[in-house]
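Q: When you get a sec, could you build the whole thing from the sequences and use the hints?
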Amino acid sequence: MIITLTTDFGEFYPAEMKGVILSINPHARIIDITHSVREHSIIEASFLLYSAIDWFPENSIHVCVVDPGVGTERKPLMIRCGETYLVGPDNGVLIPSARKKGEFTVYEIKKRFFKRISSTFHGRDIFAPAAGYLSGGTSPEELGEPADEWVDLNILTARREGETLHGMVLYVDRFGNIVTNIPSTMVEDASFVHLKSSKLPLVRFYEAVPPNTPLAIRGSHDFLEISVNRGNARKLFGLKPGDKITVRLEW
Amino acid sequence: MIITLTTDFGEFYPAEMKGVILSINPHARIIDITHSVREHSIIEASFLLYSAIDWFPENSIHVCVVDPGVGTERKPLMIRCGETYLVGPDNGVLIPSARKKGEFTVYEIKKRFFKRISSTFHGRDIFAPAAGYLSGGTSPEELGEPADEWVDLNILTARREGETLHGMVLYVDRFGNIVTNIPSTMVEDASFVHLKSSKLPLVRFYEAVPPNTPLAIRGSHDFLEISVNRGNARKLFGLKPGDKITVRLEW
Amino acid sequence: MIITLTTDFGEFYPAEMKGVILSINPHARIIDITHSVREHSIIEASFLLYSAIDWFPENSIHVCVVDPGVGTERKPLMIRCGETYLVGPDNGVLIPSARKKGEFTVYEIKKRFFKRISSTFHGRDIFAPAAGYLSGGTSPEELGEPADEWVDLNILTARREGETLHGMVLYVDRFGNIVTNIPSTMVEDASFVHLKSSKLPLVRFYEAVPPNTPLAIRGSHDFLEISVNRGNARKLFGLKPGDKITVRLEW
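From first to last, the protein sequence lines are chains A, B and C.
Just so you know, we're using the working numbering here: the first sequence kicks off at 35 and counts up by one.
Just so you know, we're using the working numbering here: the second sequence kicks off at 35 and counts up by one.
Just so you know, we're using the working numbering here: the third sequence kicks off at 35 and counts up by one.
No wet-lab data here; the hints were simulated from the structure.
It is possible that part of the hints are untrue.
What the hints assert, rightly or not - So these bits of chain A aren't anywhere near chain C, every CB distance computed over 12 Å: (1) H74; (2) E137; (3) R150; (4) I151; (5) G170; (6) G171; (7) G178; (8) E179; (9) E183; (10) H200; (11) F226; (12) E241; (13) V243; (14) F271.
As the list claims (entries may be wrong) - Restricting the straight-line Cα-Cα distance to at most 30 Å, the calculated cross-link-like pairs of lysine-lysine (DSBU-like) are: (15) C:K134 to C:K109; (16) C:K230 to C:K269; (17) B:K144 to B:K134; (18) C:K135 to A:K145; (19) B:K135 to B:K145; (20) A:K134 to A:K233; (21) B:K230 to B:K269; (22) C:K274 to C:K230; (23) B:K149 to A:K134; (24) A:K269 to B:K134; (25) B:K109 to B:K145; (26) B:K274 to B:K230; (27) B:K269 to C:K278; (28) C:K269 to B:K269; (29) A:K274 to C:K274; (30) A:K145 to C:K134; (31) A:K274 to C:K269; (32) B:K144 to A:K269; (33) C:K134 to A:K149; (34) A:K274 to B:K274; (35) C:K274 to C:K109; (36) B:K269 to C:K274; (37) C:K230 to B:K135; (38) C:K145 to B:K134; (39) A:K135 to B:K149; (40) C:K230 to C:K278.
The beta carbon of each residue, even a glycine, is placed where N, CA and C say it ideally should be.
A: Set out below in structure tokens:
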């Protein structure tokens, strides 16, 4: 059974999560989605899991821990969506993925896996062992109990007003490509996208414009992206996950 | 069966490639070679695969995607070299590895794995599924057809003129060690290597010179490398993959 | 059987180590602890292994290569601690983990695994194959012989003088959290920790103070840590692994 990990932990801490998981279920297959989420960016992490989840088998367990409130009263959650489980803190980070899967049931993790639980690393002390046991066939009822309340998060908030689209930045990748939450369908037949003082051609692939030219494109996750062919749109436009973005379409 | 991944994608996108592969072949073993290739550096990626390939079992599949031309007419390729498969774009990145393996046959991938193929992420939509099916025993003939033409790339271009060697930088590692394409055999009995205005002793190990001293060394991939003991040669000499490099030998 | 890897190699070189291991033992499970140890920081690497080792099954093999002396006469080692093996250079990096495990036997690796051994990459040419064979059941006696002498390293050197604690920085994580070698038990009942000119509250979780406020906390590895809630203590205090740190307690 596949367990994926999405965190803002950097390189070292996830290894301890893997040690915990493999100590519980030596047969788990662990796949890193990323551990480089912008520190504390619940929005970015929720988007990355929301995007990646489609490409994994249904019977996978997805652990997502971006958790600035670790150690406070915020609940640790498991969410069952059909055959898929989501595991992480109750700060909304799991919810866009849960909604995408359809019907879901939220559980609070109640089981105490270790005698000492740190107050700064629930990824290792709570979420990893929960995922390990779920992957071995333990039911969520044995690990916790249904939760009636949980923190909601909606990242699909883009809206259109005439020619103008109001959205949000969800992710900026290594190339500086800016992924927005504006669905590709909202820009389907436009020719240009105005962003700040720039008029960007809406193209089908990067090389449709000369090197170092900014462009707009329907990205591989079905959202509008802002890029620079062989260059870096982040450096040009200075946007980061969570920033609001307003663009105007031209036909 | 082992599938290796070499890309310039950074941390997140390779996870979706892994999800695709494991959805097709749950038994594939996926090993990351690197996802930190300098953005768009076909030369660096081709060198890293060329170097790594020797250390993996023959019946491995190596996916290498540095692909600035993604979405254009450039062909997606599979190359069969004995028991080994190489998978990636037709921009030369696979060719040094194919030539190293000896006889090889180039195929264009023709199969459409998904209803929608993005124009920016063929790593996920074309190359990962091709590798997944090959790893499960599907033949390349079922996934595509032989290609007569493909883009060539030769990274083994160093040449000697008397005491002078003309080469190219292939890779700069995390320590700032500069890996050239000058074969170690070309410098075998020299005592010094002159680079720009520096006279570097050709040593057998880093600690043969004092800390922060530049040096030349026959590297672990059988090419001449420029280093600084416990320091950083990249910072000192300012070289990057693809740059020309000229050195003069002294005995 | 699990083989973990801890190095300062960055992203590419560990892949060749994995190829070597899997060529010897195709069933080995390889887990990266980190490859981003601060270059040449034996102290940091020894701490990370020392911390991670508790979370892995006993019958694991831990390879740790931070090795500025590679190619010199320094010995390559295997250490047997009960069911656990440690593999790496004789520069002390393995010793804190060995001592934590209790009784241990040190072996020098004598076997020559390849015709050519590079003088710069023993991770691939000596340590990876040793781990591969050990994971397949080869005994350490077949790969080397007991070593009477080896370089010691003690990272647990913190001491108390009245209200003052003298320690060392072991690790600075991605968030800028500064992990010291001062055991949490040494600060158990204090209310404040004075560091340089700052008076830091000793709290139970990050959110106990407002954003951007520095704090002290008993960390998830049972050492005192210096943090900034939603901020970066490294940037504020400018400390790195190996630096001495002196704090004063207040009740």
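Q: All the hints need checking, so say for each whether the structure fits it.
A: Here's how the hints hold up against the structure:
1. H74: 6 Å, violated
2. E137: Label holds. Min Cβ-Cβ 33 Å, cutoff 12 Å.
3. R150: The assertion about R150 (chain A) is violated, with a minimum of 9 Å to chain C.
4. I151: 9 Å, violated
5. G170: 14 Å, holds
6. G171: 19 Å, holds
7. G178: 21 Å, holds
8. E179: 23 Å, holds
9. E183: Its Cβ never comes within 12 Å of chain C, the nearest being 19 Å, so this holds.
10. H200: 27 Å, holds
11. F226: Given a closest Cβ separation of 38 Å, the condition holds.
12. E241: The claim holds: E241 (chain A) sits with its nearest Cβ about 27 Å from chain C, beyond 12 Å.
13. V243: Its Cβ never comes within 12 Å of chain C, the nearest being 31 Å, so this holds.
14. F271: Holds, because the least Cβ-Cβ distance between F271 (chain A) and chain C comes to about 25 Å, which exceeds 12 Å.
15. C:K134 to C:K109: Holds - the C-alpha atoms of K109 (chain C) and K134 (chain C) are around 22 Å apart, at most 30 Å.
16. C:K230 to C:K269: 14 Å, holds
17. B:K144 to B:K134: 26 Å, holds
18. C:K135 to A:K145: 28 Å, holds
19. B:K135 to B:K145: 26 Å, holds
20. A:K134 to A:K233: 33 Å, violated
21. B:K230 to B:K269: 14 Å, holds
22. C:K274 to C:K230: 15 Å, holds
23. B:K149 to A:K134: 20 Å, holds
24. A:K269 to B:K134: 39 Å, violated
25. B:K109 to B:K145: At roughly 12 Å apart (the allowed maximum being 30 Å), K145 (chain B) and K109 (chain B) satisfy the hint.
26. B:K274 to B:K230: 15 Å, holds
27. B:K269 to C:K278: Holds, at roughly 28 Å.
28. C:K269 to B:K269: Within the cut-off at roughly 23 Å; holds.
29. A:K274 to C:K274: 28 Å, holds
30. A:K145 to C:K134: 29 Å, holds
31. A:K274 to C:K269: 21 Å, holds
32. B:K144 to A:K269: 37 Å, violated
33. C:K134 to A:K149: At roughly 20 Å apart (the allowed maximum being 30 Å), K149 (chain A) and K134 (chain C) satisfy the hint.
34. A:K274 to B:K274: Cα-Cα ~28 Å, so holds.
35. C:K274 to C:K109: Distance ~28 Å between K274 (chain C) and K109 (chain C) Cα, so the pair holds.
36. B:K269 to C:K274: 21 Å, holds
37. C:K230 to B:K135: 60 Å, violated
38. C:K145 to B:K134: It holds: about 29 Å lies between the C-alpha atoms, which stays within 30 Å.
39. A:K135 to B:K149: 20 Å, holds
40. C:K230 to C:K278: Judged against 30 Å, a Cα distance of about 12 Å means the pair holds.
Checked against the numbered hints above, the structure violates hints 1, 3, 4, 20, 24, 32, 37; every other hint is satisfied.
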